[in-house]
Amino acid sequence: MRAPDHPVQAKGDVLLAVENVSLGFGGVKALTDVSFDIRKSEIRAIIGPNGAGKTSMLNCINGFYYPTEGRITFKGVKRPKMRPYVAARGGIARTFQNVALFKSMSTLDNIMAGRSIKMHASFFWQLLRHGPAMKEEVEHRRFVEEIIDFLEIQHIRKVPVGRLPYGLQKRVELGRALAMEPELLLLDEPMAGMNLEEKEDMSRFILEVNQQYGTTIALIEHDMGVVMDLSDRVVVLEYGRKIADGTPAEVKSDRRVIDAYLGVAH
Amino acid sequence: MLYREAGQFKTNYVADSAIFPLREDRIGLGLIVLAAYALAFLGNSFLLQAVMIPFLVFSLAAIGLNILTGYTGLLSLGTGAFMGVGAYACYKLMTAFPGVNVIVWIFVSGFFSAAVGALFGLPSLRIKGFYLAVATLAAQFFLQWCFIRIPWLVNYNVSGALDAPLRTLFGIPIMGPNATPQTRYLLVLTIVILLTWLASNLVHGRIGRMWIAIRDMDLAAELMGIRPLQTKLLAFAVSSYYCGVAGALLVFLWYGGAEYDVFNINQSFFILFMVIIGGLGSLIGSFFGAALIFILPIVLGIVLPAALSPFGLSVGADVIEHLRFMIVGALIIFFLIVEPHGLARLWQIGKQKLLVWPFPY
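Chains V and H, in that order, are what the protein sequence lines are.
If you count by the numbering used here, then the first sequence holds residues 315 to 580, one letter each, in order.
If you count by the numbering used here, then the second sequence holds residues 20 to 380, one letter each, in order.
Calculated directly from the structure, the hints in this document are not laboratory data.
Keep in mind that the hints are not guaranteed to be accurate.
Stated by the list, open to error - Heads up, simulated DSSO-like pairs for lysine-lysine below, C-alpha to C-alpha not over 30 Å straight-line:
1) V/K417 with V/K449
2) V/K472 with V/K449
3) V/K417 with H/K147
4) V/K513 with V/K449
5) V/K566 with V/K417
6) V/K395 with V/K354
7) V/K513 with V/K566
8) V/K472 with H/K29
9) V/K566 with V/K354
10) V/K389 with V/K417
11) V/K354 with V/K392
12) H/K29 with V/K417
13) H/K29 with V/K395
14) H/K372 with V/K472
15) V/K472 with H/K111
16) H/K29 with V/K432
17) V/K472 with V/K354
18) H/K111 with V/K417
19) V/K432 with V/K389
20) V/K432 with H/K147
21) V/K513 with V/K417
22) V/K343 with V/K392
23) V/K417 with V/K392
24) V/K513 with V/K472
25) V/K566 with V/K432
26) V/K395 with V/K343
27) V/K354 with V/K389
28) V/K343 with V/K417
29) V/K449 with V/K395
30) H/K372 with H/K29
31) H/K372 with V/K417
32) H/K29 with V/K449
33) V/K417 with V/K432
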């Protein structure tokens with residue numbers, strides 16, 4: 315885990331800025347006037363009690379939802395209304411709260427599928443499975459094998475992911491997201507339902523991804539210990555509003571955050 | 020000891036990502052292909068004409084539907100109509116340009132049904148499952164209406180039927196009344212092997228992974244940058260291409276002539292059953308499904324009277340017919356209960372067991 319004297323100041327330039335974003339479904343307001351930014355190469359945590367709007371926030375960021383008000387700027391450009399695959403091609407990858415793997419495919423094929431947007435061999439060569447298509451297949455296989463080594467899942471390379479235990483599925487899902495070589499990686503509760511050992515492994519992978527590849531990470535997590543150890547900055551949501559934003563130490567001592575989590579004494 | 024992966028080491032990614040990584044599988048496949056070609060010279064014309072040619076044609080159509088329904092998860096009931104588009108396109112092309120070899124036109128006619136299939140695939144972006152099935156049902160009825168009502172499609176032929184004109188390859192008749200079952204079988208076999216090989220390449224590469232991704236979890240696929248509409252339309256186009264070629268083969272190399280009625284909704288269901296029983300998302304399953312649904316009733320029709328006669332039971336042809344339906348129906352239910360993922364999965368499990376035989380694991 316990270317040394318306590320690690321600099322916890324915001325790093326780099328703003329990669330993604332959320333400005334006054336509101337999101338409503340009919341009468342229900344999922345998000346109200348939320349603003350924060352995510353800087354390059356940082357680990358940014360989004361926390362809050364259940365139903366606070368954390369996943370809705372991620373859905374806005376990767377294009378599932380379009381904010382009813384406010385705007386999201388990615389790499390300095392205001393995001394238009396778009397389909398999620400456009401956001402993906404722009405460099406935003408994501409994992410899901412409930413694992414969303416391609417169950418019938420092997421670990422290898424799942425991660426290879428994450429490379430789809432990087433592969434360009436023409437339909438003709440794909441039909442023949444020869445020449446450029448095969449060359450490309452091998453090239454990307456090499457990259458995928460690096461991810462497999464990195465996540466220590468060599469032994470399940472050819473196992474259909476539907477048969478894997480939950481902890482490993484989460485790891486494969488992280489691998490699939492990494493295969494996209496994203497600039498911004500959104501992790502929706504990467505450690506939900508894991509035991510201590512699995513959590514430690516996952517934390518290690520997240521830190522290594524961040525440090526080795528410089529990938530910017532935004533993560534939602536309920537385990538406060540993990541959040542405080544991993545993240546550079548934390549934004550706290552409650553009932554769709556932002557109630558705190560800052561370093562883990564600042565957030566931890568914030569009165570409103572304590573009230574939100576522990577309840578207010580009457 | 021004949022079927023082992025021990026000692027077969029892969030030292031590069033090309034070898035490791037081979038479609039048949041096991042040497043024994045490759046040898047087995049080679050033998051099957053060889054036997055299929057040998058059958059052209061050993062089998063009698065009943066076997067070739069009434070069993071093997073239709074079996075191959077239906078297998079090809081089943082591969083087409085499997086690409087759409089099995090690999091991409093889009094349910095279609097328009098298979099019959101897409102086969103019809105291929106047949107009618109082939110007819111128009113070969114009568115308009117008789118100078119060009121008909122084999123070229125068989126392959127080209129698939130593109131027409133691919134275009135039509137992609138057009139009717141457009142609703143798939145918004146709707147899934149049964150709703151999409153109903154949308155493709157519209158294609159089935161609309162296209163069949165076209166086959167009946169547009170006499171231009173049959174060159175204003177008064178009978179309204181398609182007929183196979185005489186066509187030759189190197190002076191040998193390959194189509195029309197003079198073509199022997201043997202030459203037609205060889206032609207169909209070669210086309211089916213070629214197209215199966217191409218399909219197998221396609222589903223094992225990037226495009227196949229994109230199709231399966233859409234089937235297994237379309238939202239996650241979209242978040243990985245896979246464009247849902249393009250991927251689904253490609254599946255519709257490729258699937259319809261296969262169905263179209265199968266339709267052309269069906270009319271011109273098997274029946275030798277047919278009316279619009281061949282491409283009705285029953286044909287669509289017939290192919291769909293083959294795909295479901297054979298195994299969704301499996302090319303070999305398409306062959307198994309076609310064998311079970313098409314060949315098994317024929318075999319029963321021959322075997323049943325022979326099996327019943329020693330007991331002094333001389334039964335009429337109508338009873339045999341009923342028995343055939345009952346046995347095939349019971350077998351379909353049996354297989355679906357034993358293995359809902361189809362015969363292809365049984366085959367897979369059998370091979371896994373054989374790998375470690377005589378040990379249980």
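Contradicted hints - numbers only: 4, 5, 10, 13, 15, 17, 18, 23, 25, 28 and 29
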